[in-house]
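Undergrad: Here are the chains, one letter per residue:
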Amino acid sequence: DAGVIQSPRHEVTEMGQEVTLRCKPISGHDYLFWYRQTMMRGLELLIYFNNNVPIDDSGMPEDRFSAKMPNASFSTLKIQPSEPRDSAVYFCASSLVSGSEAFFGQGTRLTVV
Amino acid sequence: AQSVTQLDSHVSVSEGTPVLLRCNYSSSYSPSLFWYVQHPNKGLQLLLKYTSAATLVKGINGFEAEFKKSETSFHLTKPSAHMSDAAEYFCVVTPARGDSSYKLIFGSGTRLLVRP
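So the sequence lines, in the order shown, correspond to chains A and B. Counting in our numbering, the first sequence runs from 2 upward without gaps. Counting in our numbering, the second sequence runs from 45 upward without gaps.
Among these hints, one or two may not hold up.
[Claimed, not checked] With a Cα cut of at most 30 Å, we get these calculated DSBU-like pairs of lysine-lysine:
id: 1; chain 1: A; residue 1: Lys79; chain 2: A; residue 2: Lys25
id: 2; chain 1: B; residue 1: Lys102; chain 2: B; residue 2: Lys113
id: 3; chain 1: A; residue 1: Lys25; chain 2: B; residue 2: Lys147
id: 4; chain 1: B; residue 1: Lys147; chain 2: B; residue 2: Lys113
id: 5; chain 1: A; residue 1: Lys79; chain 2: B; residue 2: Lys86
id: 6; chain 1: B; residue 1: Lys102; chain 2: B; residue 2: Lys86
id: 7; chain 1: B; residue 1: Lys102; chain 2: B; residue 2: Lys147
id: 8; chain 1: B; residue 1: Lys147; chain 2: B; residue 2: Lys112
id: 9; chain 1: B; residue 1: Lys102; chain 2: B; residue 2: Lys112
id: 10; chain 1: B; residue 1: Lys93; chain 2: B; residue 2: Lys147
id: 11; chain 1: B; residue 1: Lys112; chain 2: A; residue 2: Lys69
id: 12; chain 1: B; residue 1: Lys112; chain 2: B; residue 2: Lys93
id: 13; chain 1: B; residue 1: Lys86; chain 2: B; residue 2: Lys147
id: 14; chain 1: A; residue 1: Lys69; chain 2: A; residue 2: Lys25
id: 15; chain 1: B; residue 1: Lys93; chain 2: B; residue 2: Lys113
id: 16; chain 1: B; residue 1: Lys86; chain 2: A; residue 2: Lys69
id: 17; chain 1: A; residue 1: Lys25; chain 2: B; residue 2: Lys86
id: 18; chain 1: A; residue 1: Lys25; chain 2: B; residue 2: Lys93
id: 19; chain 1: A; residue 1: Lys69; chain 2: A; residue 2: Lys79
id: 20; chain 1: A; residue 1: Lys79; chain 2: B; residue 2: Lys147
I should point out that these hints are in silico values taken from the structure, not numbers from a laboratory.
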């Protein structure tokens, strides 16, 4: 398996624009996580899905952020409109079962100017 | 509720000397515990995991960790540091399998510096 695949690897956008980050989890994994990493706040869990259903979105910063998982092999994280404070590295991860380790993608480095 | 505390934000060692990265956890449930490593501008890689089997866990690259329930600790060690070990290390806690509140909770990270 190729692991968790995220795209794009880098994204530079202007404030106010819509940004969509994409993730393909490892085949057969039931859980998918979206994390954000910044110097100030470290790694923050934004949302996670179990069998394509959002379970906990309490970490989503505000209504500008939304996440979907239309099927078991694809998830998106959308920011609309984007702001400079959204600049961060966004990681997607997947895991097989509850309590097991998560496998991380390489991340998307987002810069909002 | 779960939480994890990494006691040192930075650890500096000389190449060839032992490494100790400290982690304490709090969990209402029997936990699973992990250590991840992140090299600069890279993703997170699993080093090792504890999931209620042997309390001394061996991982990749010569690292190991010991689960001590009485001390609620899961410290990461390596007998001899290598320059390539310089990275950020994260301790992670989650309820063991079967708990509905499955969340991977990350510590704040410890940056390991290895001096030549």
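Undergrad: Next step is simple, just say for each hint if it's right about the structure.
TA: Hint-by-hint comparison with the structure:
no. : hint                   : in the structure
1   : A:Lys79 with A:Lys25   : holds, 15 Å
2   : B:Lys102 with B:Lys113 : holds, 17 Å
3   : A:Lys25 with B:Lys147  : holds, 20 Å
4   : B:Lys147 with B:Lys113 : holds, 20 Å
5   : A:Lys79 with B:Lys86   : holds, 22 Å
6   : B:Lys102 with B:Lys86  : holds, 23 Å
7   : B:Lys102 with B:Lys147 : holds, 23 Å
8   : B:Lys147 with B:Lys112 : holds, 21 Å
9   : B:Lys102 with B:Lys112 : holds, 15 Å
10  : B:Lys93 with B:Lys147  : holds, 15 Å
11  : B:Lys112 with A:Lys69  : violated, 39 Å
12  : B:Lys112 with B:Lys93  : holds, 14 Å
13  : B:Lys86 with B:Lys147  : holds, 22 Å
14  : A:Lys69 with A:Lys25   : holds, 12 Å
15  : B:Lys93 with B:Lys113  : holds, 15 Å
16  : B:Lys86 with A:Lys69   : holds, 25 Å
17  : A:Lys25 with B:Lys86   : holds, 18 Å
18  : A:Lys25 with B:Lys93   : holds, 24 Å
19  : A:Lys69 with A:Lys79   : holds, 8 Å
20  : A:Lys79 with B:Lys147  : holds, 21 Å
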